[in-house]
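K.L.:
Okay, here's what each chain looks like letter by letter:
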Amino acid sequence: MIRSSVLISGDPLSLSRGAADTKLAIEAELSFYGLEDEVQVGYTGRVNRTDVLPVVVVYPEGTVYGPVTPKDGAAIVDEHLYKGRKLEHLIVSAEVAAAEIDTLEPAGDTLYGQKRVVLRRAGTIDPYSIEDYIAYDGYFALGKALSEMTPNDVLQTVKNSGLQGRGGAGFPTGLKWTFVSEQPEPVHYIVCNADESEPGTFKDRLIVEGDPHAVLEAMALAGYAVGASEGWIYIRGEYAMAKDILNHAIGQAEEMNVLGDNILGSDFSFHIHVHAGAGAYVCGEETALLNSLEGERGMPRIRPPYPTVRGFRGKPTVVNNVETLANVPPIILNGADWFRAIGTERSPGTKVYTMLGDVNVTGLVETPMGTTLREIIELYGGGMKGGKTFKAAQTGGSSGTIIPTELLDVPMDFVSMREKGAGLGSGALLICDEDTDIVDLAYVLVRFFKTESCGKCTPCRVGNAQMLEALERLRMGMARRADLERLEEIANYVVESSFCGLGQAAPVPILTGLRYFRDEFEARLRD
Amino acid sequence: MESNADEVLALVDKVVDAHHVDAEALVEILREINEESGHLSRGHLLHIADRLGLPVSKVYSVASFYSMISLKPLGRHVIRFCQDAPCHVVGGQEVWDALEHELGIPFGETTLDGEWSLLTTSCIGACAVGPVMMVDDNIYGNLTPDKVHDIIQRYQLETERGQA
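For the record, the sequence lines run as chains A and B. According to the working numbering, the first sequence is numbered sequentially starting from 16. According to the working numbering, the second sequence is numbered sequentially starting from 856.
Only chain A is shown next, with the shape it has when bound in the complex (with noise of 0.2 Å):
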């Protein structure tokens, strides 16, 4: 009988200061013991505070341990599972933990004030075990589906709930299921965008590796309200890890009959593939995504038509982001009023955000829609480093928003945002505080552009240099006001005239820091 379980992270970081031998040191010490039986070991994908990796959790307790060495992790076998005494010591303080790991309330979901709707799960459960996620609703929802709703009714559920798509545009789910539903072409799929290359942005890699059933799960749930029976998960090359997991827990699933031919029993069948990429920003672009998947140069296609008319394969597609999908098993779980009931009205549910830069605590949060920038400064990132004042942050990653203090109180949803002329886009929020040159860092973000544009068309693989060249000489101080006023222009033209959404944001950073900081732009003119 399973009495405790030990979970260590393992997410990169963690492996990186050993957290592999650690698993090992508290394995062979459990057998030392004879505790091999009666005490579970497994990795956990989720941490959001670094600085105390790599951690180990206790359960039932809920206790923390961070940093752990392998010697360390001997003792907490010897000391709290075998003679039941905490390791004071090495315990994580009680609010760095419920604030920042998740781990001591598995059930509640209320942790000052963060709601988890997409994290619930991870960081509380072995992403190797898909034991661990049936215990915690897993597959729930598509046995519900499967033996409950038509297809019809999960398509409806989810319209209904009024899910935006969480990969940067705000899309609605609901519709562009319903685009694919109603294609005559028999064949559909199912398309998971896995491929996270947006600097600053880390939420599908902790979801994946913390909760890779949930993915697989909405997918099955999307190929059976849209008719498809095969679906591929595109992940970043990088991801080597996550890669493991999912293919690890598609094995798991296709044995248990929850993926596959006849799933529980029903007429529906879906199998899953996962496809690495092998370096390249352009990918995620949904398009570019199913070149690369079909073998070619990730450069994008001409929209219309879009993928939900010929997308993989020339056949009707549906590409959701990883967040976006993990949205959907509770939706249909709990239903459209109750995810209704969380954020704002015109966007329901939570985002999750990658925070970064001067704050004092950087890391994953999930906060309902609506939530000020401010509050999620105050509230998770325990408020700027050192002291300093807030200047502006960078929202959506490198291609998001540059915005100033006076945006600092605006809800944070899709359409708020997007009112202010700001975006979320991948939930990535930079904060930089009141030393950051905002000359430089636009400097550093269109260089990014210019290596990662594919050189399909002309604005973006042309206009990128042109306005790296003028922001070297503005950083140099060699820059003319004519320069200024070129930068400017073609930044427009490249937002007007490029053919993908790559080149089309590529020049955000620029506008929205000119728009909100031109006085900076300005004092670095020599005439």
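If you are wondering where the hints come from, they were derived from the structure by calculation, not from laboratory data. As the structure is a prediction and not an experimental result, all values here were calculated from the model. Glycine residues also receive a C-beta, built at the ideal position from the N, C-alpha and C atoms. Treat the hints with caution; some may be incorrect.
What the hints assert, rightly or not - Incomplete in silico selection of chain B near chain A, CB under 7 Å:
no., residue
1, 883
2, 886
3, 959
4, 962
5, 963
Unchecked claim - As a list, the in silico DMTMM-like pairs of lysine to aspartate or glutamate whose alpha-carbon atoms are at most 20 Å apart:
no., chain 1, residue 1, chain 2, residue 2
6, A, 98, A, 53
7, A, 174, A, 455
8, A, 258, B, 887
9, A, 403, A, 390
10, A, 258, B, 890
11, B, 1002, B, 992
12, A, 330, B, 879
13, B, 1002, A, 76
14, A, 435, A, 360
15, B, 869, B, 890
16, A, 258, B, 955
17, A, 130, A, 360
18, A, 258, B, 879
19, A, 403, A, 452
20, A, 159, A, 76
21, A, 258, B, 891
22, B, 1002, B, 955
23, A, 330, A, 452
24, A, 406, A, 390
25, A, 406, A, 352
26, A, 465, A, 448
27, A, 406, A, 309
28, B, 913, A, 311
29, B, 869, B, 891
30, B, 927, B, 890
31, B, 913, A, 309
32, A, 258, B, 991
33, A, 101, A, 76
34, A, 330, B, 877
Claimed, not checked - Distance windows between CB atoms, simulated:
no., chain 1, residue 1, chain 2, residue 2, range
35, B, 1015, A, 102, 35 to 41 Å
36, A, 492, B, 964, 38 to 44 Å
37, A, 152, B, 1005, 43 to 49 Å
38, A, 201, B, 970, 52 to 58 Å
39, A, 86, B, 897, 14 to 20 Å
40, A, 356, B, 946, 39 to 45 Å
Please arrange chain B on chain A, whose structure you already have, making use of the hints.
P.N.:
Same frame as chain A, but now just chain B:
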């Protein structure tokens, strides 16, 4: 001419067969061969094209598009330093300078002794501990110029020990 034609043939055959000779898996095939051999040689490209029934130009075109696939030999250790904004605003420039200084080569180059290649990478999703770099498959975070010095020394010590 490939001096190790048998090795090239065997590796390509192994990976292509594992993907059921499916041209749709070309990106994965290229990446996996690159992972095992460090880079893709002309011989790799020729044999991949042959096995998948594709023009060599097509294979080259796809291989040259992706940053994780290299068409030229790299050093024994490859450093990939993140040059994106989240790492930049927390001290990335100093680390960048320290890496070039420490290895004596600019970004994009390989040291003459073939030990080190210094490359940039796009975000690797470890932004909460920036600045970040990868040395081969290992991620190092919260980098400072001093830490860079220590890490490189550690690898060099291991090499010396291996030779002794």
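K.L.:
Determine for every hint whether it applies to the structure shown.
P.N.:
Structure-based check of all given hints:
Hint on residue 883 of chain B holds. Least Cβ distance to chain A is approximately 6 Å, under the 7 Å limit. A hinted interface residue such as residue 886 of chain B counts as satisfied when its beta carbon comes closer than 7 Å to some beta carbon of chain A; here the least separation is about 4 Å, so the hint holds. With a least beta-carbon distance of about 23 Å to chain A, the hint placing residue 959 of chain B at the interface is violated under the 7 Å criterion. Annotation: residue 962 of chain B was flagged as interfacial toward chain A, and the flag is violated, the nearest CB pair being 11 Å apart, outside 7 Å.
About 12 Å separates the beta-carbon of residue 963 of chain B from the nearest beta-carbon of chain A, more than 7 Å, and the hint is not met. Between the alpha carbons of residue 98 of chain A and residue 53 of chain A the distance comes to roughly 14 Å, so the proposed pair stays at or under 20 Å and holds. In summary, the hint linking residue 174 of chain A to residue 455 of chain A is not supported, as the alpha carbons are separated by about 43 Å, beyond the 20 Å threshold. Annotation: proposed proximity of residue 258 of chain A to residue 887 of chain B holds, straight-line Cα distance about 13 Å (limit 20 Å).
As the CA atoms of residue 403 of chain A and residue 390 of chain A are separated by approximately 17 Å, the hinted pair is consistent with the 20 Å bound. Among the hinted pairs, residue 258 of chain A with residue 890 of chain B is consistent with the structure: their alpha-carbon atoms are about 15 Å apart, no more than 20 Å. Restraint check for residue 1002 of chain B and residue 992 of chain B: the C-alpha separation of about 18 Å stays at or below 20 Å, so the hint holds. Restraint check for residue 330 of chain A and residue 879 of chain B: satisfied, since their Cα atoms lie roughly 15 Å apart, inside the 20 Å limit.
Taking the CA atoms of residue 1002 of chain B and residue 76 of chain A, the gap is near 37 Å; set against the 20 Å cutoff, the hint is violated. A hinted pair counts as satisfied when its Cα atoms are at most 20 Å apart, and residue 435 of chain A with residue 360 of chain A qualifies at roughly 17 Å. Of the supplied pair hints, the one linking residue 869 of chain B and residue 890 of chain B holds, its CA atoms being roughly 13 Å apart against a limit of 20 Å. With a C-alpha separation of about 33 Å, the suggested pairing of residue 258 of chain A with residue 955 of chain B is violated against the 20 Å cut-off.
Of the supplied pair hints, the one linking residue 130 of chain A and residue 360 of chain A holds, its CA atoms being roughly 16 Å apart against a limit of 20 Å. Note on residue 258 of chain A and residue 879 of chain B: the hinted pairing holds, with a Cα-Cα distance of about 18 Å set against a maximum of 20 Å. With a C-alpha separation of about 15 Å, the suggested pair residue 403 of chain A and residue 452 of chain A falls inside the 20 Å cut-off, and the hint holds. For the given pair, residue 159 of chain A sits about 32 Å from residue 76 of chain A by alpha-carbon distance, which is inconsistent with the 20 Å threshold.
Annotation: proposed proximity of residue 258 of chain A to residue 891 of chain B holds, straight-line Cα distance about 18 Å (limit 20 Å). Among the hinted pairs, residue 1002 of chain B with residue 955 of chain B is consistent with the structure: their alpha-carbon atoms are about 14 Å apart, no more than 20 Å. At most 20 Å may separate the alpha-carbon atoms for a hinted pair to count; residue 330 of chain A and residue 452 of chain A exceed this at roughly 47 Å. As the CA atoms of residue 406 of chain A and residue 390 of chain A are separated by approximately 15 Å, the hinted pair is consistent with the 20 Å bound.
A C-alpha spacing of about 39 Å is found between residue 406 of chain A and residue 352 of chain A, which places the hinted pair above 20 Å, so the restraint is violated. Straight-line distance between C-alpha atoms of residue 465 of chain A and residue 448 of chain A comes to about 26 Å, which puts the hinted pair past the 20 Å bound. About 44 Å separates the Cα atoms of residue 406 of chain A and residue 309 of chain A, which puts this hinted pair outside 20 Å; it is violated. A distance of roughly 9 Å separates the Cα atoms of residue 913 of chain B and residue 311 of chain A; the hinted pair therefore holds under the 20 Å criterion.
A C-alpha spacing of about 11 Å is found between residue 869 of chain B and residue 891 of chain B, which places the hinted pair at or below 20 Å, so the restraint holds. Taking the CA atoms of residue 927 of chain B and residue 890 of chain B, the gap is near 13 Å; set against the 20 Å cutoff, the hint holds. At most 20 Å may separate the alpha-carbon atoms for a hinted pair to count; residue 913 of chain B and residue 309 of chain A meet this at roughly 13 Å. Taking the CA atoms of residue 258 of chain A and residue 991 of chain B, the gap is near 18 Å; set against the 20 Å cutoff, the hint holds.
Pair hint residue 101 of chain A plus residue 76 of chain A holds up; C-alpha atoms about 10 Å apart against a cutoff of 20 Å. Distance restraint check for residue 330 of chain A and residue 877 of chain B: the Cα-Cα separation of roughly 19 Å lies within the 20 Å cut-off, and the hinted pair is therefore satisfied. At roughly 38 Å, the beta-carbon separation of residue 1015 of chain B and residue 102 of chain A lies within the given 35 to 41 Å, and the hint holds. The hint said 38 to 44 Å for the Cβ distance between residue 492 of chain A and residue 964 of chain B, and at roughly 29 Å that hint is violated.
As the Cβ distance of residue 152 of chain A to residue 1005 of chain B is approximately 47 Å, the hint placing it in 43 to 49 Å holds. A beta carbon spacing of about 57 Å between residue 201 of chain A and residue 970 of chain B agrees with the range 52 to 58 Å that was offered as a hint. Look at residue 86 of chain A against residue 897 of chain B: about 50 Å separates their beta carbons, and that is not inside 14 to 20 Å. Evaluation of the 39 to 45 Å hint for residue 356 of chain A and residue 946 of chain B yields a pass: the beta carbon distance comes to about 43 Å.
Violated hints, listed in ascending order, are 3, 4, 5, 7, 13, 16, 20, 23, 25, 26, 27, 36 and 39; each of the other numbered hints is respected by the structure.
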